[in-house]
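All chains, full assembly: derive it from the sequences and hints.
The listed protein sequences derive, respectively, from chains A and B. Residue numbers are given in numbering that gives the first Met the number 0: position 47 of the first sequence equals residue 46, and the series is strictly consecutive. Residue numbers are given in numbering that gives the first Met the number 0: position 301 of the second sequence equals residue 300, and the series is strictly consecutive.
Hints should not be assumed to be uniformly reliable.
Now the stretches of chain A that chain B is said to cover, found in silico as 3 or more residues with beta-carbon under 8 Å [to be verified]:
| no. | region |
| --- | --- |
| 1 | 3-13 |
| 2 | 20-31 |
| 3 | 81-89 |
Example chain B residues on the side facing chain A (calculated, C-beta under 10 Å, incomplete) [stated by the list, open to error]:
| no. | residue |
| --- | --- |
| 4 | V143 |
| 5 | L158 |
| 6 | V176 |
| 7 | V212 |
| 8 | R213 |
| 9 | S240 |
| 10 | W435 |
| 11 | W440 |
| 12 | P442 |
| 13 | L486 |
| 14 | S490 |
| 15 | L491 |
Partial selection, computed: residues in chain A whose CB lies under 7 Å from chain B [unchecked claim]:
| no. | residue |
| --- | --- |
| 16 | A47 |
| 17 | R94 |
| 18 | S95 |
| 19 | L98 |
| 20 | E103 |
| 21 | V104 |
| 22 | Q105 |
| 23 | M114 |
Think of the hints as simulated: they come from the structure by calculation, not from any bench. Everything numeric in this text was worked out from a predicted model, so none of it was measured. We treat Cβ as the ideally placed atom computed from N, Cα and C, and that holds for glycine.
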Amino acid sequence: MTVNLVLIIVIGVTFACGVTLLLERSLTRIVVGTLLLGNAVNLIFIVASGAPGRAPIVDESDPSPMSDPLPQAMVLTAIVITLGVAAFLLAMAYRSWQLQGHDEVQDDVEDRLIMRLADLDEASQSYEDTRGGEPDEEGTDTEEVQR
Amino acid sequence: MTTDSAMSFLIPLPVVLALLGAGVCLALGQNARVQRVISFTTLSIIVAVAGVLLWAADRHGPQVVYVGGWPARMGIVLVADRLSALLLLVSAIVTLCVLAYSVGQGIIEFGRDTPLSVFYPTYLVLSAGVSNAFLSGDLFNLYVGFEVLLAASYVLITLGGTGPRVRAGTTYVVVSVLSSMVFLIAIAGVYAATGTVNMADLAVKLQEVPEGVRVVLQLMLLTAFSIKAAVFPLSAWLPDSYPTAPAPVTAVFAGLLTKVGVYAIMRVQTLLFPDSPLSDLLLWAALLTMFIGILGAVAQSDIKRMLSFTLVSHIGYMVFGVAVASDLGLAGAIFYIVHHITIQTTLFLVTGLIEIRGGSTSLEHLGGLAKAAPVLALMFFLPAMNLSGIPPFSGFLGKVALVQAGVDRAGWLTYLVVGVSIVTSLLTLYAIAKTWNRAFWRPRTEEPDELTESVPSSGTKSGAPWGDTVAVTSVRSLPRAMVVPTLTLVSLGTALTFVAGPLFGITERAAEELRDRTPYIETVLDDGSSPGAQTVDDPGSDR
Numbered sequence: 000m001t002v003n004l005v006l007i008i009v010i011g012v013t014f015a016c017g018v019t020l021l022l023e024r025s026l027t028r029i030v031v032g033t034l035l036l037g038n039a040v041n042l043i044f045i046v047a048s049g050a051p052g053r054a055p056i057v058d059e060s061d062p063s064p065m066s067d068p069l070p071q072a073m074v075l076t077a078i079v080i081t082l083g084v085a086a087f088l089l090a091m092a093y094r095s096w097q098l099q100g101h102d103e104v105q106d107d108v109e110d111r112l113i114m115r116l117a118d119l120d121e122a123s124q125s126y127e128d129t130r131g132g133e134p135d136e137e138g139t140d141t142e143e144v145q146r
Numbered sequence: 000m001t002t003d004s005a006m007s008f009l010i011p012l013p014v015v016l017a018l019l020g021a022g023v024c025l026a027l028g029q030n031a032r033v034q035r036v037i038s039f040t041t042l043s044i045i046v047a048v049a050g051v052l053l054w055a056a057d058r059h060g061p062q063v064v065y066v067g068g069w070p071a072r073m074g075i076v077l078v079a080d081r082l083s084a085l086l087l088l089v090s091a092i093v094t095l096c097v098l099a100y101s102v103g104q105g106i107i108e109f110g111r112d113t114p115l116s117v118f119y120p121t122y123l124v125l126s127a128g129v130s131n132a133f134l135s136g137d138l139f140n141l142y143v144g145f146e147v148l149l150a151a152s153y154v155l156i157t158l159g160g161t162g163p164r165v166r167a168g169t170t171y172v173v174v175s176v177l178s179s180m181v182f183l184i185a186i187a188g189v190y191a192a193t194g195t196v197n198m199a200d201l202a203v204k205l206q207e208v209p210e211g212v213r214v215v216l217q218l219m220l221l222t223a224f225s226i227k228a229a230v231f232p233l234s235a236w237l238p239d240s241y242p243t244a245p246a247p248v249t250a251v252f253a254g255l256l257t258k259v260g261v262y263a264i265m266r267v268q269t270l271l272f273p274d275s276p277l278s279d280l281l282l283w284a285a286l287l288t289m290f291i292g293i294l295g296a297v298a299q300s301d302i303k304r305m306l307s308f309t310l311v312s313h314i315g316y317m318v319f320g321v322a323v324a325s326d327l328g329l330a331g332a333i334f335y336i337v338h339h340i341t342i343q344t345t346l347f348l349v350t351g352l353i354e355i356r357g358g359s360t361s362l363e364h365l366g367g368l369a370k371a372a373p374v375l376a377l378m379f380f381l382p383a384m385n386l387s388g389i390p391p392f393s394g395f396l397g398k399v400a401l402v403q404a405g406v407d408r409a410g411w412l413t414y415l416v417v418g419v420s421i422v423t424s425l426l427t428l429y430a431i432a433k434t435w436n437r438a439f440w441r442p443r444t445e446e447p448d449e450l451t452e453s454v455p456s457s458g459t460k461s462g463a464p465w466g467d468t469v470a471v472t473s474v475r476s477l478p479r480a481m482v483v484p485t486l487t488l489v490s491l492g493t494a495l496t497f498v499a500g501p502l503f504g505i506t507e508r509a510a511e512e513l514r515d516r517t518p519y520i521e522t523v524l525d526d527g528s529s530p531g532a533q534t535v536d537d538p539g540s541d542r
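The structure is reproduced here in structure tokens:
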């Protein structure tokens, strides 16, 4: 099967842009990133369908030079799904902006909590007399945490 | 529609009925009572259909329907073999029980007549997506099934649109979208290499594809499914996003969504890539998933998060069974999936009840529940012991089968995974016992520890059942409408022990069928439709 080089280059560039945007903190950029990624994937389907041919209409044209219609059907489905998900993500970005005034993706609450505990633990190491604190099941020293 | 047997008209029903029910529910969004009746009826019919399908698949072999009457290689096929039908039945029963629970909760939170206009339709769409994924005999349709259930889950996980849920939902949606992209790329690759996405057809054609290409395709599919199934290096999203959702939503997600991923891994591994060179990789993934997941669970002080981590950890057992890929290994894995769907859902529902009774799910705030609510304690104790694999329960039986399969396979890596699986089981017991001791056995402390004042614990308080504002819900007695469905699931989970013999018989036959592959391939491909398939040139075969 022959492959269109231009198509491959376009896919590569679109993917690179999409991944870059996906790594941003702002949800709006992430939405744009997923859209770009989605389009790149759809182009991959066009590559997978092989060389372009005649319109795939039964009884209208000769079957042998027809384009393969199946990947086109799949791409259509994928486009619709991408559209729906993008709409949902945009709504979520807007809701996030409503709630917080920005649409940045935040860290997990527990992750921040663990980081904070770790910081507190480090700061308390200078005090020798806190070692009597009774550790609870998480292994964190209760007295140290209070400080 | 080709009808090879009388049953095949039943196969699309779990998908079609659920979507139809969702549509009607949405149209009648103003009337809560009608919504409830429709949802219940739909899901009850699906349970019945799934039961009949399981019987038919077990008695007469895989049941196939060619959607739209297209011949096998051209159109979409839905296939119900033993594995699909069994998982369909279990998931339908669990969905129904969770629906009953959420109806109870909805009535208690909002009153009898307030419509939850979004919840019921979305819930039915979720059920349709799960059924479609289980029944699909075609990779692209599997993708569509995944997308349907994911789209519904996006809505459910951000229900109410509160701050913590939007935060949790963001991670969840972005990760899911990414996994879908990987899946789509893999499908494009598969199509480019073989010219088909029909799984039975692929099972034949992939054998002619060069080894290197095959491994790449397999790796991509496994990556996509592992994200959905939360297999270790790709599992970090799960404990972040699940605990903030309402209790019934978390329960149904924990029970079903990850298992759909495991099902996809199992189907692809057995049907498309038998004797694959990647089973060692899967063993490593299983080992790390079990061990690192359970270490996370041990460290948690919130019940919902602890359970989310055990969920990740126990996915490892199923991946282990798939990696061993012997008859016993697969049978054990299927048995374990059935057990785990029931138990994990039950535990999350019970956690919802704990939140109502104790006002929180954080172990810092809870205490004395064994004396205050003995029924609740029993409802937690039974599935919790079941999860950690204490002998008479089904968790133990599943683990024994997996360990046995691992020992039979031999090899140092397998022995290592067997060892880790036993350690994981013990650590699960430890994590469960810790929760039990603090929430149920120790006397209730009057004042919350000062510890909780000094650290922001908004994540644990945010799990208010449905609403927007409640920080720490007041302590209430348990509503009967929520206890009854939970009790049903608890007794179902316990009953798995008593029906373990017949159930294991079915899973063993399912495993043999998976390993044999010919019944599936022959039923799908040669069903009187092969003349039709040959009249039109197969797309891609000329390239």
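### Message
Take the shortest C-beta to C-beta distance between L486 (chain B) and chain A; is it under 10 Å?
### Response
At about 30 Å, which exceeds the 10 Å cut-off, the nearest Cβ of chain A leaves the hint on L486 (chain B) violated.
### Task
Establish whether the coverage given for the region 81-89 of chain A by chain B is satisfied; the threshold is a Cβ-Cβ distance below 8 Å, and no fewer than three residues must meet it.
Coverage by chain B holds for the region 81-89 of chain A (4 residues, Cβ < 8 Å).
### Minimum beta-carbon distance criterion (10 Å), S490 (chain B) to chain A
The hint is violated - S490 (chain B) has no Cβ within 10 Å of chain A, the shortest such distance being about 31 Å.
### Task
Tell me if V212 (chain B) is really an interface residue toward chain A, meaning its C-beta lies closer than 10 Å to one of theirs.
violated, 13 Å
### Query
Once the shortest beta carbon distance from V143 (chain B) to chain A is found, is it less than 10 Å?
OK, holds: V143 (chain B) within 10 Å of chain A, min 6 Å.
### Message
Restraint: W440 (chain B) near chain A, CB-CB cut 10 Å. Satisfied or not?
### Response
violated, 14 Å
### Message
Just to be careful: measuring from the Cβ of L158 (chain B) to every Cβ in chain A, is the smallest value less than 10 Å?
### Response
Result: violated, 12 Å to nearest chain A Cβ.
#### Entry: Status of the R213 (chain B) interface restraint (C-beta, 10 Å, chain A)
Cβ of R213 (chain B) sits 16 Å from chain A, so the hint is violated.
### Message
Quick check on W435 (chain B) please, does its C-beta sit within 10 Å of some C-beta on chain A?
### Response
This interface hint is violated because 12 Å lies over the 10 Å limit.
### chain B covers the region 3-13 of chain A, three or more CB atoms within 8 Å, holds or violated
With 0 residues close enough to chain B, the hint is violated.
### Task
Can you take a look at whether the region 20-31 of chain A is actually covered by chain B? Rule is 3+ residues, C-beta closer than 8 Å.
That given contact holds, which follows from 3 residues of the region 20-31 of chain A lying within Cβ reach (below 8 Å) of chain B.
### Task
Closer than 7 Å between Cβ atoms is the bar; does A47 (chain A) clear it against chain B? Give me holds or violated.
With a closest approach of 4 Å, the A47 (chain A) hint holds.
Hints 1, 5, 7, 8, 10, 11, 12, 13, 14, 15, 20, 23 from the list above are not met by this structure, while the remaining hints are.
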